[in-house]
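S.K.: In case you want the letters, here they are:
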Amino acid sequence: MIRYVPKAKYSYSAGQAQSVFLNGLKEKKILGTVCNKCKKVYVPPKMYCEECFKPTDGWVELKDEGIVHTAIASFVSWTRDRLEEPIISGTIKLYGSERDYVFPGMFHRICTTYDKVRDMSIIGAKVKAVWNEKRVGSIEDIQCFKEV
Amino acid sequence: MKVAIVGMGWYGFRPSTPEVSFREMVFEAASRAYAEANLDPRKDVDTFISSQEDFWEGISIADEFAPDQIGGYLRPTFTVTGDGVQGILHGIMHIKSGISKVTAVEAHSKASDILTIGDIVEFAMDPIFLRPAAPPNFHFLAALEAKAYQRRTGMTEEDMAEIVSIEKRNGFGNPRASYAANLNVSDILSHEKVAEPLRRPDIADFVDGAVVVVLASEDIARSLTDDPIWVEASTFTETNYPGYAELGEAGYLRGAYSQISKRKFDGYFVDDRYSFKLLEHLGVFKADPLALLREGQLGEGGSAPTNVFGGLLSEGVPLEAAGLTLALEAREYLRKGYSSAVVGSWRGVPTYTGMVLSMWR
Ligand SMILES: [Zn+2]
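Protein chains in written order, with my numbering: chain A, 174 to 321; chain B, 30 to 390.
What the hints contain is simulated information worked out from the structure, not anything from laboratory work.
Hints are supplied without guarantee of correctness; some may be wrong.
What the hints assert, rightly or not - Keeping only pairs whose Cα atoms sit at most 25 Å apart, straight-line, the calculated SDA-like set for lysine to any residue is:
1) A:LYS182 <-> B:PHE167
2) A:LYS210 <-> B:ASN67
3) A:LYS182 <-> B:PHE235
4) A:LYS210 <-> B:ASP69
5) A:LYS227 <-> B:GLU65
6) A:LYS227 <-> B:THR254
7) A:LYS213 <-> B:PHE94
8) A:LYS182 <-> B:ILE90
9) A:LYS182 <-> B:ARG229
10) A:LYS180 <-> B:PRO156
11) A:LYS182 <-> B:GLU82
12) A:LYS227 <-> B:ASP92
13) A:LYS180 <-> B:VAL150
14) A:LYS307 <-> A:PHE280
15) A:LYS182 <-> B:ASP83
16) A:LYS227 <-> B:THR106
17) A:LYS182 <-> B:PRO47
18) A:LYS182 <-> B:ILE88
19) A:LYS227 <-> B:GLU93
20) A:LYS182 <-> B:ILE232
21) A:LYS210 <-> B:PRO105
22) B:LYS222 <-> B:LEU144
23) A:LYS227 <-> B:ARG104
24) A:LYS266 <-> B:PHE94
25) B:LYS72 <-> A:MET220
26) A:LYS202 <-> B:GLU48
27) A:LYS212 <-> B:ASP97
28) A:LYS212 <-> B:ASP69
29) A:LYS180 <-> B:PHE169
30) A:LYS213 <-> B:LYS72
31) B:LYS72 <-> A:PHE276
32) A:LYS180 <-> B:TRP85
Said to hold, decoys possible - Derived coverage of chain A by chain B (criterion: at least 3 residues anywhere in the stretch with Cβ under 8 Å from a Cβ of chain B; other residues may be distant):
33) 178 to 186
34) 189 to 197
35) 214 to 221
36) 224 to 231
These numbers come from a predicted model, not from an experiment.
Just so it is clear, CB atoms sit at the ideal spot from N, CA and C, and this is done for glycine as well.
With the sequences and hints as input, model every part of the structure.
M.R.: What follows is the structure, encoded as structure tokens:
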């Protein structure tokens, strides 16, 4: 057996669209880009519309609340330890109709109970972002989305 | 049936590009390529090919991140783990097999995002035989070849410095040549050795950049332009271990060239990420490249014009976009009125994989 630990370190450039988004989080703002041609709103934002293949046309501020599209409860950590309390996370639709397949939204933690995930009552529930006091321009500036 | 290049676009070619994400950089290059081809990727392109490698991206299964920025959202997108010229080769196969009429090929580099690039190159080496014995500097693999080439041909360190001096000056006037410089042979020889016989100026730096190429079938190409550039491509891997390679002989490039139709080339665009590689690679296409260098035949108007826009020594090494960078140079050359050019590309250390792209009009 040959043991080897790769030293792979990166510093990812967020770029134009995602940098504006991350800076917005510092001010408790969820910002998306919009394509005027197809009306698609991108959160996380893109500086081009993938549908129309043209630059997006501007920024829109979305509410920091939405509805839970789907949610899960995970009982196992990244290192495969059993967790005492499950981590509950899911996708939150910030805008759009029930039937949209693609929507501006976020994957994040959801502050709720395991029971509500198991009986699926959390799905479709209205949730709002819980912001950290100290914000640094990271997706972690939001602690979780909590039921309102 | 022939296949043509009907559009090319590029973005970046600077040591770092903090203003764009890698996807935004590719979108910029793609927008330019489609504008040149006068095509709408959402309607007119049948297949999309991205040439990339997960460890360069810092994302595993990075092909999942390939489609949107080249217009391939919800469309057939295909990834080649290799150089952009290998991407072109697959594109040619898409078109010749009839599954596509127009194919877009992309390659890019965000080398500046990789904080431990030497370690990533080491990670590509054989884990049992090579990594444990490797000196802490991946250029040793190129030095092994340089030494073998010197012994075989009589190339001196002055010859290598001469190549660097010529190439760095050739880059002036090339908008992609961030590393163009006015250096003479004694400036270059004043540097200390990195790995015998290579000095720092013999080694091209990494660079960020993206290149997109639009390929089309013969009928589409003729309908789009009066002056299509026809292409043929090939690739060949010799081995993955230096003990099995014919060091200094560029067997990988000879293997690739053996599969290409023979024609007379007006210009040569070869991977020169190490100065001596210019000669080693040119030697695949022309006899006695060292004599051609010493006789001053490598410039425009000489008997073997080679890397007349500065090559990778001037432009930098944009990872898997290196072959397409040379293809941009070759196209620039054809636009000056020449009728044929050839690209001799290499995936760099620790590989022994080469690509040939023949271009003519
Ligand atoms: Zn759109």
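S.K.: Taking the hints in turn, state whether each one holds.
M.R.: Hints and how they fare:
1. A:LYS182 <-> B:PHE167: Distance of about 17 Å is within 25 Å: holds.
2. A:LYS210 <-> B:ASN67: 20 Å, holds
3. A:LYS182 <-> B:PHE235: 16 Å, holds
4. A:LYS210 <-> B:ASP69: Holds, because 15 Å separates the two Cα atoms, which is no more than 25 Å.
5. A:LYS227 <-> B:GLU65: Since the Cα atoms of LYS227 (chain A) and GLU65 (chain B) sit roughly 15 Å apart, the hinted pair holds (cutoff 25 Å).
6. A:LYS227 <-> B:THR254: Answer holds: LYS227 (chain A) to THR254 (chain B) is near 24 Å, not above 25 Å.
7. A:LYS213 <-> B:PHE94: 19 Å, holds
8. A:LYS182 <-> B:ILE90: Holds. LYS182 (chain A) to ILE90 (chain B) sits at ~17 Å (cutoff 25 Å).
9. A:LYS182 <-> B:ARG229: 24 Å, holds
10. A:LYS180 <-> B:PRO156: 14 Å, holds
11. A:LYS182 <-> B:GLU82: 15 Å, holds
12. A:LYS227 <-> B:ASP92: Roughly 22 Å between the alpha carbons, so the hint for LYS227 (chain A) and ASP92 (chain B) holds.
13. A:LYS180 <-> B:VAL150: 10 Å, holds
14. A:LYS307 <-> A:PHE280: Within the cut-off at roughly 21 Å; holds.
15. A:LYS182 <-> B:ASP83: Distance ~13 Å between LYS182 (chain A) and ASP83 (chain B) Cα, so the pair holds.
16. A:LYS227 <-> B:THR106: 19 Å, holds
17. A:LYS182 <-> B:PRO47: 17 Å, holds
18. A:LYS182 <-> B:ILE88: 11 Å, holds
19. A:LYS227 <-> B:GLU93: 21 Å, holds
20. A:LYS182 <-> B:ILE232: 23 Å, holds
21. A:LYS210 <-> B:PRO105: 23 Å, holds
22. B:LYS222 <-> B:LEU144: Between LYS222 (chain B) and LEU144 (chain B) the Cα gap is close to 24 Å, so the pair holds against 25 Å.
23. A:LYS227 <-> B:ARG104: 16 Å, holds
24. A:LYS266 <-> B:PHE94: Judged against 25 Å, a Cα distance of about 22 Å means the pair holds.
25. B:LYS72 <-> A:MET220: 21 Å, holds
26. A:LYS202 <-> B:GLU48: 22 Å, holds
27. A:LYS212 <-> B:ASP97: Distance of about 17 Å is within 25 Å: holds.
28. A:LYS212 <-> B:ASP69: With Cα atoms ~19 Å apart, LYS212 (chain A) and ASP69 (chain B) stay inside 25 Å; holds.
29. A:LYS180 <-> B:PHE169: It holds: about 19 Å lies between the C-alpha atoms, which stays within 25 Å.
30. A:LYS213 <-> B:LYS72: 19 Å, holds
31. B:LYS72 <-> A:PHE276: 23 Å, holds
32. A:LYS180 <-> B:TRP85: 13 Å, holds
33. 178 to 186: Contact hint for the segment 178 to 186 of chain A vs chain B: holds, 8 residues under 8 Å.
34. 189 to 197: Holds: 3 residues of the segment 189 to 197 of chain A have a Cβ under 8 Å from chain B.
35. 214 to 221: holds (count 3)
36. 224 to 231: holds (count 3)
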